[in-house]
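As you go down the protein sequences, you meet chains C and X in turn.
The opening residue of the first sequence carries number 1 in this note's numbering; numbering runs sequentially from there.
The opening residue of the second sequence carries number 186 in this note's numbering; numbering runs sequentially from there.
If you're looking for bench data, these hints aren't it; they were derived computationally from the structure.
Check each hint, because a few of them may be wrong.
To be verified - Label-pair ranges, simulated between beta-carbon atoms:
1) C/Q22 x X/E272: 34 to 42 Å
2) X/R213 x C/R141: 45 to 53 Å
3) C/Q49 x X/H194: 51 to 59 Å
4) C/H41 x X/H352: 37 to 45 Å
To be verified - Residues of chain X clear of chain C, computed beta-carbon distances all greater than 12 Å:
5) P435
6) E450
7) H465
8) G473
9) A553
10) R557
Claimed, not checked - A short, non-exhaustive set of chain X residues, derived as facing chain C with CB atoms under 8 Å:
11) I225
12) L436
13) P437
14) H442
15) C445
All C-beta atoms, glycine included, are put in the ideal place defined by N, C-alpha and C.
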Amino acid sequence: MNAQTITTFIRNWERWGGTWEQWDNPISARLALLRYLKEQHRTEILSWQVESLPIPGLATALNDAGFKLFPPDRRILNPDLAMGLTSADAALAASGSLALTPAPGRSWLPALIPISHITLLPTSRIYANMASWRQDWRQTRPGESVRTLIISGPSVSDDIEMHKHYGMFGPRQVHLILFHDETSA
Amino acid sequence: MIPNQRTRHTLHRLGNLTTAARDAAWARVENAEALKQRAIHARDRVLADLPANLEQLEKAARSHDVNVLHANDAQDANRLIIQTMRELGVTDALRNHHPLLDEIQVDRAAKANAIQLTPLHPGDYLAQLANERPGHPIWPVGHLTVEAISATLQKKWRIPETYNPDHLASTVRMPLRRALLRTHTAILGVDFASVEDGVFVLMDNDGHNASLTGLARHVILLLSIEQVAATLNDLDALIQVFALSAWGRPLPAYVTHLQCPAPPEIDGPRTIHLVLVDNHRTDIMDQGFGRALRCIQCGACHTVCPVYEQIGGGGYANSPYTGPIGAVISPLLLRSDLGEPQAYLCANSGHCQAACPMNIPIPDLIHAQRRRLAKTRPPKEDKRYFSIWRRLISRPRLFFPFIRRNLEK
Ligand code: SF4
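Could you build the full structure based on these sequences and the hints that come with them?
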């Protein structure tokens, strides 16, 4: 992924009010995640299956640091769950958006239910725009049904005299940990 | 209910804020005109042969295991919803924010059939608590002041007095989040659908549509027949234009694409039922008002309209389609005695057409609507009506008090 596309993505992501940090490799990203979670004083996290997250050694690292990952099982969902952890199938530079397609172990719910959402994103998944991602998708996953959630910033409602209230249903905070992975240019 | 001065001030502020946000957002779009043209073309392309496009959509949807149903009118649509819910064995459901659901009066039908239907959108929920009709396609309680919302919540839930909008929003959020996490069945108005792939799109900024789609086991989708586009790329243009004109942002916070039921191990509904709703849209086209069906319900024409600013959504007939576009389509959608007065709620400012991203010639269509209605009215009454109207329209100091006084009657 070229640097210009990454810069465009970050600029547009910031415009939605998203926060971010960028690292050179997955190991640094793993340390950054542990630090971020500690700062937030959260130990219970609604998460994708750890094998579906794009950072190696995450299960052990989180476990050793005392963090507990919960699968988004409806029986344990409660309105007070504070932290959600996912990756994304794609990031769209032109709009600063994330695209998530649900699959086993990769639920939408950690990106929708908790107050805070963290995304681990390899730079190789950044596309110029929706059309380029869709084209790639059609080539690499032909015939797969379309079930996509495009997220652009935190959840916001302005129903009461146009006052912006963040975190109405989805997260009020969206944090991105971006890192270069092996397949990046 | 007719707005008092404080409410008119709120409507005025809503108009100023939304117009400023919209103008700023469109100004940042490179080649804004080309984007609008893409959206207009996308819509015109399917309207040119709607029956064939709907047939293709139906075929695509069925091939993805979607149960497709057809509703000629509102009664039909409600009957199909209730029947589907009975077949699913459910007596309660959550609904999203969508003018089509208000158009068919699904809440009333559900109540009459002992089905508990809860609106998940905070604006709709507040409107229901305050016993108000949604007044705007995007901001259902945009006309209500913080004081009015606070008074409603104090009365209904005995909350302590607060005029802090964040506290009020959090108060509403709690029961809605609890209801969301328990959801089993959802009734969802669909924003757009793509004919080629049979993909349904729902948009929002607060996440209620996205969460409902992820959590509900069964969804009943309602789609008004004109809200279709040929391809996903056409849909992208409509989504962007909607977000820019409705919310003044380049994209909604959440865009959900749904095509088929989900297998047990992944998020999404296990069954999808689609109700395609005509409800006089074919008549609208047959009577020469087809260009009104370009409307994407962004609400931009409402907040620039001087009449809307004075009377709010509550001043229009019992139709979810208020504002300038409501003046065109409500007389065709509603019983004529209810819808007709809407065609005269226009001061000829022309602001609506300038604001409309779909380039709908709203003033021309309003005049055409009046001409159509005049043909059905006795000529003498018509003459008197027009002579009063002509004299008033050039005198705003008389025009607005006249409208308010007459609506109060
Ligand atoms: S008529 Fe135009 S401006 Fe008014 S709601 Fe429809 S698309 Fe928006």
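Legend entry - Broken hints, by number: Failing hints, ascending: 1, 2, 4, 5, 6, 11.
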